[in-house]
Structures are given as C-alpha cells and as structure tokens.
Amino acid sequence: MKINNIVHRIRKVGYKCRITHRRNYFDIMTGETKSFSKFELSQNQDKEFYRLLQKGGETCVQVTSTTGKEYQSIAKCSNSDSFNRIRGYLIGLGRVIKKMKQEEGFDETKI
Numbered sequence: 001m002k003i004n005n006i007v008h009r010i011r012k013v014g015y016k017c018r019i020t021h022r023r024n025y026f027d028i029m030t031g032e033t034k035s036f037s038k039f040e041l042s043q044n045q046d047k048e049f050y051r052l053l054q055k056g057g058e059t060c061v062q063v064t065s066t067t068g069k070e071y072q073s074i075a076k077c078s079n080s081d082s083f084n085r086i087r088g089y090l091i092g093l094g095r096v097i098k099k100m101k102q103e104e105g106f107d108e109t110k111i
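Counting from 1, position 38 in the sequence shown corresponds to residue 38 in the working numbering; the numbering is continuous, with no gaps.
Check the hints yourself; a few may be wrong.
Claimed, not checked - Below are the DSBU-like pairs computed for lysine-lysine, each with C-alpha atoms no more than 30 Å apart in a straight line: (1) K38 with K16; (2) K12 with K76; (3) K98 with K55; (4) K101 with K12; (5) K99 with K16; (6) K55 with K76; (7) K12 with K69; (8) K55 with K99; (9) K69 with K47; (10) K69 with K16; (11) K69 with K101; (12) K76 with K38; (13) K98 with K12; (14) K34 with K101; (15) K99 with K76; (16) K34 with K47.
What the hints assert, rightly or not - Here are the simulated distance ranges between beta carbons: (17) D81 with K12: 28 to 36 Å; (18) K34 with R85: 17 to 25 Å; (19) I86 with K12: 15 to 23 Å.
The set of hints was computed from the structure by calculation and includes no laboratory data. Virtual Cβ for every residue (Gly too), placed ideally from N, Cα, C.
Please work from the sequences and hints to get the whole structure.
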C-alpha cells in the first residue's frame, strides 16, 4: 500500500495528519550541522551559506484524532544513514498508529 494512500485514508476518516521532513545542512560559515525543513530553509536569509548533506535528518509525523488528542512521532536517520522519506513515513506512522491503538482503541482496518 502506498504511503500517500495511508495518509489520505487517515484524513478521510476525520483525523488530521501532518508530516514534516527535516534535512541536515552544513553551515559553511560556522562549520556546524543544522537541521531545516524546506520551508524553514526558504525563510532563512542566510540560505546560500548552507549545503545539503546526504546523511541524517528526521521525519516528524503528527496526527490529531477526531477527539482532539494529538499524537506525534519523530523518526531520525543516523548521521551514517542516507535520508529516506518513505522509511521516515513508515516508521513515524507506525509509531503513531501504535499509540492510537493503545490509547483510543484505533481500528486500522477502518481506514
């Protein structure tokens, strides 16, 4: 099953689902590694001083249930792993669904 289908189905039954990917960037001015989403980087005035790194990053999955309860999970890639959006989706969504099953009795067969 495709990831977008899972997110679409979760939204269709009334849940809000937000997924944010943050990539690691090297700051050539300070020599530090920093993490930004595409939006955060686009708003940064010094973006020309950052170089995208192929390794590391994180995917944040946030789901708000129909009762208003919020669930969040962050899937981090180690600095030795290549960033992978799909793997981040799967890990993050899996963790959130597991929490929702335990706390609300969420039935994933309905999505």
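Cross-check of the supplied hints:
A distance of roughly 21 Å separates the Cα atoms of K38 and K16; the hinted pair therefore holds under the 30 Å criterion. As the CA atoms of K12 and K76 are separated by approximately 27 Å, the hinted pair is consistent with the 30 Å bound. Proximity of K98 to K55 is assessed by CA-CA distance (about 27 Å); at most 30 Å being required, the pair is judged to hold. Between K101 and K12 the alpha-carbon distance is near 18 Å, which keeps this suggested pair within the 30 Å criterion.
Distance hint between K99 and K16 is fulfilled; the C-alpha atoms sit about 15 Å from each other, no more than 30 Å. Distance hint between K55 and K76 is fulfilled; the C-alpha atoms sit about 11 Å from each other, no more than 30 Å. Proximity of K12 to K69 is assessed by CA-CA distance (about 17 Å); at most 30 Å being required, the pair is judged to hold. Of the supplied pair hints, the one linking K55 and K99 holds, its CA atoms being roughly 28 Å apart against a limit of 30 Å.
In summary, the hint linking K69 to K47 is not supported, as the alpha carbons are separated by about 36 Å, beyond the 30 Å threshold. In summary, the hint linking K69 to K16 is supported, as the alpha carbons are separated by about 10 Å, within the 30 Å threshold. Restraint check for K69 and K101: the C-alpha separation of about 13 Å stays at or below 30 Å, so the hint holds. For the hint linking K76 to K38, the alpha-carbon distance of about 17 Å falls within 30 Å, and the restraint holds.
Pair hint K98 plus K12 holds up; C-alpha atoms about 19 Å apart against a cutoff of 30 Å. Restraint check for K34 and K101: the C-alpha separation of about 34 Å exceeds 30 Å, so the hint is violated. A hinted pair counts as satisfied when its Cα atoms are at most 30 Å apart, and K99 with K76 qualifies at roughly 18 Å. Between K34 and K47 the CA atoms are separated by roughly 11 Å; this keeps the pair inside 30 Å, and the hint holds.
Distance hint check for D81 and K12: the Cβ-Cβ separation is about 32 Å, which falls inside the suggested range of 28 to 36 Å. Look at K34 against R85: about 19 Å separates their beta carbons, and that is inside 17 to 25 Å. Checking the proposed 15 to 23 Å range against I86 and K12 shows it holds: the Cβ atoms sit about 21 Å from each other.
Of the numbered hints listed earlier, those contradicted by the structure are 9, 14.
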